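A.B. asks: Keeping their order, the protein sequence lines are chains V and U.
Per numbering that gives the first Met the number 0, numbering through the first sequence is continuous, rising by one, with the last residue being 453.
Per numbering that gives the first Met the number 0, numbering through the second sequence is continuous, rising by one, with the last residue being 453.
Since the hints were made in silico from the structure, they are not lab data.
These numbers were taken from a predicted model, which means no experiment stands behind them.
Hints are not guaranteed to be accurate.
Computed list of chain V residues with no C-beta within reach of chain U, every gap over 12 angstroms [to be verified]:
| # | residue |
| --- | --- |
| 1 | 17 |
| 2 | 222 |
| 3 | 239 |
DMTMM-like mimics (lysine to aspartate or glutamate), calculated; alpha carbons at most 25 angstroms apart, straight line [unchecked claim]:
| # | chain 1 | residue 1 | chain 2 | residue 2 |
| --- | --- | --- | --- | --- |
| 4 | V | 350 | U | 233 |
| 5 | V | 29 | U | 89 |
| 6 | V | 403 | V | 199 |
| 7 | U | 338 | V | 274 |
| 8 | V | 347 | U | 263 |
| 9 | U | 270 | V | 199 |
| 10 | U | 408 | U | 256 |
| 11 | U | 350 | V | 264 |
| 12 | V | 350 | U | 264 |
Where is the CB? At the ideal position from N, CA and C, for every residue including glycine.
Number of protein chains: 2
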Amino acid sequence: MNQYIQTHKDRFLSELSELLRIPSVSADPKCANDVRRAALFVKKELEKAGADFAEIIETEGYPIVYAEKMIDPSLPTVLVYGHYDVQPPDPLDLWHSPPFEPVVKDGKIYARGACDDKGQMYMHVKALETLVSSGTVPCNIKMMIEGEEEVGSDNLEYFVKKYRDRLAADVILISDTSIFSNEVPSITTGLRGLSYLEVEVTGPDRDLHSGVYGGGVGNPINVLCDMIHSLLDENNRITVPGFYDDVQELTPEERTEMAKIPFDEIHYMQKLGVEGLKGEKGYTTLERVSIRPTLDVNGIWGGYTGEGAKTVLPSKAFAKISMRLVPNQSSKKITELFKKYFESIAPKSVKVEVRPHHGGEPAVTPIDSVAFQAASRAFETAWGKKPIPKREGGSIPIVALFEKELGLKSVLMGFGLDSDNIHSPNEHYGLMNFYKGIETITLFHQYFAEMMRK
Amino acid sequence: MNQYIQTHKDRFLSELSELLRIPSVSADPKCANDVRRAALFVKKELEKAGADFAEIIETEGYPIVYAEKMIDPSLPTVLVYGHYDVQPPDPLDLWHSPPFEPVVKDGKIYARGACDDKGQMYMHVKALETLVSSGTVPCNIKMMIEGEEEVGSDNLEYFVKKYRDRLAADVILISDTSIFSNEVPSITTGLRGLSYLEVEVTGPDRDLHSGVYGGGVGNPINVLCDMIHSLLDENNRITVPGFYDDVQELTPEERTEMAKIPFDEIHYMQKLGVEGLKGEKGYTTLERVSIRPTLDVNGIWGGYTGEGAKTVLPSKAFAKISMRLVPNQSSKKITELFKKYFESIAPKSVKVEVRPHHGGEPAVTPIDSVAFQAASRAFETAWGKKPIPKREGGSIPIVALFEKELGLKSVLMGFGLDSDNIHSPNEHYGLMNFYKGIETITLFHQYFAEMMRK
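Extracted from the complex, chain V is given alone in its bound form (with noise of 0.2 angstroms):
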């Protein structure tokens, strides 16, 4: 390991510890204070690793950190992304340790963020820290940390737009993916996109006592089940009109490819403690988790959910439903087609209302770049193996905002696993991981400037 990152590991360690103790849920309007002090701390942190300067730029939402370290606007720039805002913690019962009260144990430190996406994240400043100590930055680098990455990114896009010329740089470079084992790295070159909504269904309009009325009018509960049910065919396809229209098949040879990655679905379903597995038929499941669109109901709730029985009919019944997109669907489009169709199948005893949260378009990453082969060089310096490229089940809408706005390609080095529990209870991150990827971040910007030059 290079030698500065080895001397310092603890204090990287506790530094980080530090940032996950602020409970940055950028969904909870409770956390407004810890979300913007989480902004104040990366500041700070990015002036302390010797950016030029680390500002906090406002936007209508929660400030984007911004910095920048600049040797000779000749030399190659890159613009690193990243977030510091994390996914609510709940359900808090599951966790073993409370969620922001980072705990170091068997070789990994647990925290709500510890890997998505501040342990990712906070690899970047360590890196910039290690470069400019030892005197040897090759490059130019600028950050751009946010703070409502799992809320939509709702700001970002006037925020690039506005700051167009000051964020010019040759790539993009964000850990905020996973590496297919410990023992087999890779690079994600795609990613989902996601249309995400929130529905409605209102039958009576009070609750009403199931003895009196029960088997006369129809239950919103019932009827949403139905719907719901509706959405996906025996086939486990979405049955949303045009919803497969603008799908990117892969071709023949991009399939075999694909499957020469070493699963093993038995071990797969073992680690999530199933004994079957459920997708689209005619794909396998690595298939399904990255090159082909879904649909999860992510939250459902109405009626009595207390304890004991309540023999009510209920007014209302609601969920949140997602779907995952894939190249080249459109957000916006699947968005519309799915309330459309919603809306459509909603029968006569009932009131439907449909209200679009946030979405984000899939986007894939050219693996014949020279940002891509520093990437895959670096991995190999750092961990001994060629990484080889994988399409991520994910979304991070930035990628093909990036490409939109500022004309940029972005390369996906990120070092989490998939194992590592983020959106979950109990999420963590591996120190292995932690230390190898500031290494790792380094080495890119090594070989990328010299890979430029050429």
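Chain U: place on chain V using the hints.
C.D. replies: Positioned in the frame of chain V, the structure of chain U alone reads:
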């Protein structure tokens, strides 16, 4: 109106208000002290009303308040049943005034329990007082007021068996049902039974990121919706094998008689704020809510239900599901059939647990008995109209229990309206119904004693 009731009506109402102020929610363990406080209040009121004695009899759950007014062992005896516990008040935000702060508005009293069953039960306390005060108690009166009706009356069977001798009577009188309307008084002659279960569907052993795993694993919410959907077929008939085997079908003559009840479907829909109804094919709405069995989801929950959006693929989803039963279905048998069927339709990608809550047997009461005739006459005198017999959709499991254990038939002389919002926010009870109900009860005792002597 009876002179005594007229003179004391304001005091009757303020005493009822005092009882309504006690949040005796038997389903909520946090209300345990209040449930006991309500029992004590009822005991004291029965003593004040002139009972020979009133006592709190402990059970393994909440106590039963028992009182007697014995005039002469050779006279007929009426055993009154009621309950002092109430349904949970949620959803709280839909109440126009706090559920446990009674408010009188437009001739109605608003509070949880105003009608079901504190208001109706308390009429019997005041009827006793009226008869005792005027020195005209015409028969022996026993009263048994329980505190677990809303949670399944779990300890009543043991109690009834233990005190079989003390409870000896000629008829049971219960006011816990409704009349058709204030213009069309009615006496309930049939009640539906109940099977109530909670189901838990578990997919992966922890919450997952819907981007990383979405499309590849069974989402327990989607699966639960599929399973609920499949419990009813396209004719809204319940698909549980054997479910209809024991259903007593009405004769064409009985159905013709039922169809004569004045019922305006447009008005019914308007009062519920719906534009369509939904129910079993081949039956009218009135039949669907009274003589036909049903299946309703009373509550559902799973995943993220807070503000904003969380892209979680949850580990678990839950639902509370209940079935209303009709003669001669057995609650125990239906519960078993449901459990077996629900477990059998679970796909391999999830685990399912079915937990039976409580149940109750359906019941019919005779219309050719002396007690029914006395009740009919009492209505005719007090309301100026002969009441019509009416089958009701709700459940009062004790009716079947009393018949089985004590060999006694019940008279269901309730005075509520289906629009009283029992089990819903803004439950209320008409003051006219309250006062006229007290009068009708005193007349029942008088006529019943007279007619039994003949």
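A.B. asks: State for each hint whether it applies.
C.D. replies: Evaluation of the provided hints:
1. Every Cβ of chain U is farther than 12 angstroms from the Cβ of residue 17 (chain V); the closest lies at roughly 25 angstroms, confirming the non-interface assignment.
2. Residue 222 (chain V), annotated as away from the interface, has a beta carbon of chain U within 12 angstroms; the closest lies near 8 angstroms.
3. For residue 239 (chain V), the shortest C-beta to C-beta distance to chain U comes to about 15 angstroms, beyond the 12 angstroms cut-off, and the non-interface label holds.
4. The suggested pairing of residue 350 (chain V) with residue 233 (chain U) holds, with an alpha-carbon distance near 20 angstroms, which does not exceed 25 angstroms.
5. A distance of roughly 24 angstroms separates the Cα atoms of residue 29 (chain V) and residue 89 (chain U); the hinted pair therefore holds under the 25 angstroms criterion.
6. Distance check on the hinted pair: residue 403 (chain V) and residue 199 (chain V) sit about 34 angstroms apart at the alpha-carbon level, beyond 25 angstroms; violated.
7. Between residue 338 (chain U) and residue 274 (chain V), the direct Cα distance comes to roughly 21 angstroms. Compliance with the 25 angstroms bound is thereby established for this hinted pair.
8. Taking the CA atoms of residue 347 (chain V) and residue 263 (chain U), the gap is near 18 angstroms; set against the 25 angstroms cutoff, the hint holds.
9. Between residue 270 (chain U) and residue 199 (chain V) the CA atoms are separated by roughly 21 angstroms; this keeps the pair inside 25 angstroms, and the hint holds.
10. Our distance criterion of 25 angstroms between C-alpha atoms is met by residue 408 (chain U) and residue 256 (chain U), whose separation comes to about 23 angstroms.
11. This hinted pair checks out: residue 350 (chain U) and residue 264 (chain V) have alpha carbons roughly 19 angstroms apart, not beyond 25 angstroms.
12. Using a Cα cut-off of 25 angstroms, the hinted pair residue 350 (chain V) and residue 264 (chain U) holds, with the two alpha carbons roughly 19 angstroms apart.
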